[in-house]
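Trainee: Each chain is listed here by its residues.
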Amino acid sequence: MNNDLLKPLSAEDVDRRDFIKGASMSTLMMLLGSTVLVPSNQARGQDSVEKKRATSPPVKIGVIGCGAWGRDIISTLGQLPNAPVVAICDIYPAYLRRAGKAAPDAKTYEDYKQLLADENVEAVIVATPTYLHRQITLDAIAAGKHVYCEAPLAGSIEDARAIALAAKRAPRTYFQAGLNYRSDPQRHFLIDFIRTGSWGKTVTSRAQYHKKQSWRRASSNAEQEKLINWRLDAATSTGLVGELGIHQLDIANWFRLKRPVAVTGFGSIIEWKDGRNVDDTVQAVFEYDDGSTMVYDGTLANSFDSDYEMYYGTSAALMVRENKAWMFKEVDAPLLGWEVYARKDTFYKEVGVALVANATKQTALQDKPQDASPYASTPLFYALEAFVSNTYNHKAAVEDFTETFGDDNEALVEYLKDVASTRLPAAGFKDAFESTALVIKANEAIQSKKRIELKPEWFELG
Amino acid sequence: MKHIRNISLLAAALICAAPALAETVTYKGKPGSSVTISGTSTIHDWTVESKLIGGSMEFNGNLDKPGKVDAKGESMISVRSIKSDKKAMDDVMHAAMKSDEHKRIDFKLKELIAEGGMKFKATGDLSVAGVTKEVKFPVTMEKGDDNVMKVKGELDTKMTDFGITPPSPPIAGGVIKTGDDVKIVFEWLTQKK
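Protein chains in written order, with our numbering: chain A, 1 to 462; chain F, 1 to 193.
Read the hints as simulated data drawn from the structure, not as lab findings. Glycine included, every Cβ here is placed at the ideal spot set by N, Cα and C. One or more of the hints may lead you astray.
Straight-line alpha carbon distances no greater than 25 Å define the calculated DSS-like cross-link-like pairs of lysine-lysine that follow [claimed, not checked]:
1) F:K152 <-> A:K395
2) F:K83 <-> A:K417
3) A:K60 <-> F:K183
Listed next, with one range per pair, are the computed distances between beta-carbon atoms [said to hold, decoys possible]:
4) F:D180 <-> A:E110: 57 to 65 Å
5) F:D100 <-> A:A235: 46 to 54 Å
6) A:Q79 <-> F:P138: 51 to 59 Å
7) A:T196 <-> F:G179: 32 to 40 Å
8) A:R217 <-> F:S127: 55 to 63 Å
9) A:K430 <-> F:I43: 52 to 60 Å
10) A:Q213 <-> F:D100: 45 to 53 Å
11) A:K430 <-> F:T40: 36 to 44 Å
12) A:N323 <-> F:I43: 27 to 35 Å
13) A:E322 <-> F:I43: 33 to 41 Å
14) A:P456 <-> F:G179: 48 to 56 Å
15) F:D100 <-> A:P425: 26 to 34 Å
16) A:A420 <-> F:D100: 20 to 28 Å
Please take these sequences and the hints and turn them into a complete structure.
Mentor: And the structure:
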C-alpha cells in the first residue's frame with residue numbers, strides 16, 4: 001500500500017492560486033485527509049465515457065409537458081444524435097411556443113390525445129405536473145408508445161400503482177421512470193464500493209437539498225398562475241421530499257438494497273409565507289431494520305452547502321456530491337478494505353500533482369478541462385440516452401421476434417427478458433413505484449408531524 | 001386400346017403420386033433456438049449470438065434411411081438480433097454485414113442426404129450481406145417432446161466469401177484486426193405444424 005496516500009498535504013503543497021482557481025473543493029477534501037474516488041478512465045484524462053458509447057438508430061419522440069423541466073428535457077434530447085423530437089404538447093400556448101424554439105421541427109399539440117394519435121411518434125416523455133401523470137401515461141401505454149414518465153410517478157400510491165401495473169402489463173413497449181441517477185455512471189461506480197461494505201457497518205446516512213428559492217413561478221394570467229404552481233398546493237404536490245428528495249432517497253436505498261421500515265417527519269413554512277400550504281423546510285427520518293437511520297433535510301430557505309448525500313460507516317464515510325465522491329477513512333479502518341480500491345491511487349496522485357502549484361500540468365493530464373461540457377454529463381442526459389437506446393432495442397427485439405416466430409406473447413416476454421439484460425441502466429416501473437410510495441408516505445409524515453410505520457403492502461404491485 | 005393404355009398410365013401415375021402426398025411433414029421454427037458465430041482477432045476471440053432462427057422445413061419419407069431425403073427447407077436470421085455483450089463490437093459487426101440494406105441472413109436447402117442414425121449432410125445456398133454462396137455442412141436431428149425436432153449443425157466459412165471485409169475497428173489505433181475465418185454453430189428448434 002502506498003503510504004503517500006495517507007500523508008496530509010502540507011501548506012507548501014497547496015498553492016493559494018490553485019485553491020481559488022477552483023480546485024478548492026478537491027483541495028479542501030485533500031486537506032481533510034480524504035481521497036477522491038473517481039472511475040479510472042476519467043483519472044487517465046481520457047474522453048468521458050459518454051463519447052465512447054455507441055448509439056442506436058433514431059427513435060422519434062413526443063414530449064408532453066413543456067414547463068421548465070420539459071423544456072430542459074427537449075434541450076437535452078437535442079444533444080443526442082438519435083432522439084429527434086417530432087411532437088410537443090402543452091395546454092399553455094406560451095410554454096408550447098417557448099418549447100418550439102428548441103424543437104422547431106416538432107409538431108405542436110395542445111391536446112395530448114392528439115399527440116398520442118400521431119403515428120409518427122414512437123416514444124413519449126411525460127413531463128407534466130405529477131398529479132397529471134396517471135391518465136396521460138396510461139393512455140400513452142395503451143396507444144402502444146414507449147414511455148418515459150417523470151418521477152415521482154404520481155401523488156398517490158393508488159395512481160402510482162396504476163401506472164406501474166400498466167407498464168408491467170405492456171411487455172411489448174418499453175417503460176422508464178425519471179429517476180435519472182439510476183442511469184448515472186458515477187453512481188454505478190459507487191455501488192460496488194458501498195455494497196461490498198468497505199465502509200464498515202452502517203452508522204447513519206443523510207441526504208440534503210438546500211437551495212434558497214421560492215419555487216413559485218410567475219404568470220400574468222391568474223388561472224395559469226394557480227396551475228403552474230401546483231407544487232405549492234398540498235392537494236397536487238408531494239412536497240420537497242417527493243418532488244426533489246425522491247432522487248436522493250431512491251439512490252440511497254438502491255445502494256443499500258434496503259427499504260426503510262418507518263418514517264417520521266417534520267415540516268414548516270419558515271420563509272415563503274405567500275399563501276402556500278406546502279412546507280418550505282422539511283426533515284424526514286427514515287428507520288431501517290438494522291437500527292440505522294437516514295435523514296432527509298430539504299429547504300427552500302437556505303442555500304448553504306447545496307445538495308449531497310453522506311453515508312457514514314464504521315470504517316469510512318462517503319460523500320457523494322454532484323458527480324464526484326470522496327472517501328474519508330477512519331484511522332482504525334482495516335487495511336484490506338482500502339487495498340481493494342487501490343486502483344484509485346493513480347488518480348489521487350495525479351490530483352496531488354495538479355494541486356502542487358502547477359496548473360498547466362493539470363490541463364496536460366486531461367484532454368480538456370473538466371467543466372467544458374457540463375451539460376453532457378448530467379444525469380438527465382444519461383437517462384435520456386438510455387431511454388432512446390433501450391427503446392430502440394426493445395422495439396427491434398419485438399419486431400424481429402414477431403417476424404421470425406409470429407405472435408407468441410409468452411415466448412416474446414421470455415425473449416425480452418434476455419434483451420433487458422443488455423440494457424443501458426435505467427429506472428424501471430418497479431423501482432419507481434417503490435420509491436414513489438416511500439416519498440408519498442414520507443410527505444404524509446412531514447405534513448402530520450408523525451411517525452408512520454411503512455407497511456409492506458403499500459410497496460406491493462400485485 | 002389406346003384409351004386403356006392411357007387409363008393404366010394415369011392409374012400408374014396416381015399410384016406413384018399418392019404416397020408422396022400422404023407423408024409430407026412440415027416443421028416450423030420456434031422460440032428456444034440459438035445460433036452463434038465465432039471468430040478471432042488480433043486482440044481476442046469473439047462470439048456473437050442470436051436466438052431468432054425462423055423459417056420452416058418439410059420432409060417426405062423416412063429420415064432414418066440412408067440416401068437422399070425428399071426435403072425442402074428455408075430459414076432466416078434477423079441480422080439486427082445478432083449480438084454480443086459488447087455494443088461497440090456489435091455495431092462494427094452489423095456495419096460489416098451491411099445490416100441496413102441486408103436485414104437477414106437466409107438459407108435455402110438444396111439437398112439433404114441422410115447417413116443413418118439421424119445424421120445428415122446438407123447442401124444449400126447461404127445469403128449474407130447480399131452475397132449468396134453454396135455451403136455444405138453436417139447436420140443432426142433429434143426428436144423431442146411435443147412434436148419438436150431439434151436441428152443442430154455447424155459450418156466453417158470465411159467472411160470474405162460473402163464480400164465482407166474482416167473489420168478493423170477504429171479503436172486502439174486500428175490495432176484490432178478481425179480474422180477472416182468464422183464458425184457458425186446453430187441449434188434450431190422446430191415444431192410440427
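Trainee: Would you list, in rising numerical order, the hints stated earlier that this structure does not obey?
Mentor: Violated hints (numbers, rising): 1, 3, 9; every other hint is consistent with the structure.
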